[in-house]
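Asks: Following the hints, position chain B against chain A.
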Amino acid sequence: MRHLPPSVSRLLFTLAFLCGWILCQLTASAQFPPPSPLSSAPASAEGTTRKGPTHDVIDETTLRGLAQTANQHLASLAQKTRPASTPPSSESSLLTSSILISDGDHFTIVPIGCVLHLPATLRSRVIPKPKGDVLFWPDFLKRNSSWITAKEVSLPMAHGDTKEARAILKQVETETRIVIAVYSGCPITILEPAQSTPAQSSPTSSTAINKR
Amino acid sequence: MNQLRTIFGISQLCALSLCAVTTDSFVRQTDLATGQVYDIPYTTPGGPYTSPLPVSDKGAKFELFARGTAWDTNIYLLDTKLVYAYAPAATLTITTEDPYVFGDPTSATYVKRTRADRPFTVTTNVSGLVNAAGASLAENSVYYAVQAMNYDLASYSPLNQATYPLHSYNLGNGSIVWGPVYHELTSPTLMTGCGQQSYTFVRYAADQVPDTILSQPTVQIWPVATATVDKITGGQVFIDRIPTITFTMNHLYPDSRTYAQIYPGNAVLGKVGTLITGTERRYGTTYNPAQGVTPTNVPQDVQIAIDNLSAYASADGIYTLEVITETPFFGRAGERLLNITFEVDRVISSRATLSTAEKPGP
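Quick note, the sequences are listed as chains A and B, same order.
My numbering puts the first sequence at residues 34 to 245.
My numbering puts the second sequence at residues 3 to 364.
Treat the hints as calculated values from the structure; they're not laboratory data.
Everything numeric in this text was worked out from a predicted model, so none of it was measured.
Every residue, glycine too, gets a C-beta built ideally from N, C-alpha and C.
Treat each hint with caution, since some may be false.
Claimed, not checked - Derived lysine-lysine pairs resembling DSS-like cross-links, with alpha carbons at most 30 Å apart:
no., chain 1, residue 1, chain 2, residue 2
1, B, Lys233, A, Lys84
2, A, Lys184, B, Lys60
3, A, Lys175, A, Lys162
4, A, Lys164, A, Lys175
What the hints assert, rightly or not - If you anchor each label on the Cβ, the simulated ranges turn out as follows:
no., chain 1, residue 1, chain 2, residue 2, range
5, A, Thr87, B, Gln238, 23 to 31 Å
6, B, Pro54, A, Arg176, 20 to 28 Å
7, B, Ala137, A, Pro189, 31 to 39 Å
8, A, Glu206, B, Ala137, 48 to 56 Å
9, A, Ala200, B, Thr188, 55 to 63 Å
10, A, Pro152, B, Thr75, 45 to 53 Å
Next comes chain B alone, as it looks inside the complex:
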């Protein structure tokens, strides 16, 4: 029986999570009665397997740990399961407009992402608690905490960044839809929000079982992209060749396509202009479907110099220069990050030549 329970517990754990992790992982089985620890290295992702160690009558805790990928050498708790007489189950769903998810969304620990100006929804589901009068805190509640961490805005890295609490509650059985809400990071502005919010369920310690993390998914929040251009301002009149201009595009979303376009006339929202060659940047597999480009997981900052803008404005007149970004948000419709309307009027040069020619002779 105990062996069967072990198989069940581990199978659940594996079926839920292991298919998404690397071979650098292991399951830690902790006997709830004795505290005995047993580490099972896991080298074959996916599929159930049987732990050789039986589960005692008091139960066991199974934790799945894995190291980060590539440069990330941290060890992460990916999933936890309690095989126990009564074991509360707590799941949390994060819904954002970005379909990206890192890890198995049905496991205890996964990462979603969104942009600082977009709302998202968190749905909590708790079951398996006891509602009877006189039930202890561990029997009638699970602890639910929302914590946040600001990333470095230049490197987009969480390294050496501190977490801080946002909310904490005790939840009973049932489902609650928290949202849609916006991020609550303590960034200087909402638009520059860059970090993560984590949602942790903890089963309270009881009956020799220590406080146990049941679930800890995370949503990453990336700042809203910005675009600026130098050497050109709104309303400026160019009477000669337009100088080399430099676009500075910051916080380009990791799943995005961004480019500059130009068209004759004043700014008109929705107008398709001429794409300025060399300004287009594509990130993520959606915009690089066949190129095998390594997916980008953090925003990108770029500077692009354009020295032939005059080629796009060869005739005198009014022109509008725009920077547009497409992301998973708003159905991948274009969003205008920048628009500048300027004028090209080279006839002034010609008139100047004419007036020189008209200088009366002796």
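The shape of chain A in the complex, shown without the other chains:
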């Protein structure tokens, strides 16, 4: 094969290089298309345009320095107080002043001392600690009215009137459901008489369960 003149060879080589370069650029642009106008435009956040960041997030060393300086004030402020030597209980008394009754899936909370009648077959319904989802009294009563009921009592009885208590207790003694004392529809503690004899004090089968 005959050799081409040097000038023609250089021309052909230059043309080949240019074609290769153009092809390369076309390939690159096809492979990496520019982002759509939507993504390239600063997006708006809740109606505001994006703004550049004003600072870098803080680092641990700087934060420790700031916190140490700021929290030193706590010591000086403590001088305005008196030392607390005997911390009182900061726990709520809800559980210790309540009876918990469960239907297996839900439990409810009623005041301690409000169970008028607890049939032996339903003793397991009274649980020592919360289990399952809580359902407050009126909803729990509606859901479980087949085995729990409410008995309206007077205020004197709630305050320990034994005469009324005897009458009420006689009414519920044959009840097969758990009976909760309510006043105006709301569960209430039935107090024992202030000067009661053993024979007079809350003579219900549920006395033990009403105490914690």
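Replies: Chain B alone, transformed into the frame defined by chain A:
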């Protein structure tokens, strides 16, 4: 008179708190003389109502309880009021840069929140105590305790986490501004602080009235967000297509907007670049005003893969990739979580092609 006091007490309780709770709540009235307990289910949020049970001469304690929402089946004490001959009043205000508040901030129990690197201020106000000489502890002081609890850093949950004490004092009448201070959680680092600090006022037991919580607000502390990206490092030169990269963004604040942006040139703080589509995450109603998105109450962790970064760096040159977050802090200005500067130099590929073409013939 007693009935009037009942109305007053309950009205105060309700006006302060009930408007913010669900129907799953009840008021427990405890007679201070006899210990008799009376539970009043509360099914109509807001507005005063009258307790049918009168208040005895020794007074009564009213406690408002409610169950948590949705999955949270715990029962919370939302407010306490004593109707009593002398009853100390203790209020506490937590001031953070985040306007979020869960519950009624004028009640005894509410929740504020902040971020682990931001200071906050606690202001205590106590009144109604007796300053006379010979006054008992219950008459001249209320107990004030700061307790903390670390949450699980992966689930951000307080379940089964123990509380631990930070400070306790006896406070007299007056106001004290505690702050600005930073959180005191026992987290491995301050930046990863994740938990809560609770501030409890307790009236000391006296005259047959047991220890009574007067107020117990809480501030939640969420960790500082972090961002990393794989398959790309500072100063790296890409001579071909940039591989698929994955952003890992952790602890994104529950009220935040976070995104990645890219721009030509070296890193310049304050520069607005091109938002990389698919990287933006918005949490909270501020950043989702019209979408009805369920508010997020805990931080979020996300991983986002981007396979077309080359589309944002089509020309040879230097580029900077940044991750920016906007939160209630610093006036919702952007904070840079990450910045990486890299180079795209595809001409090297072209030169390699050229040198192959120049191979001399036989």
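Asks: What are the numbers of the hints that this structure violates, sorted from low to high?
Replies: Structure breaks hint 10 only.
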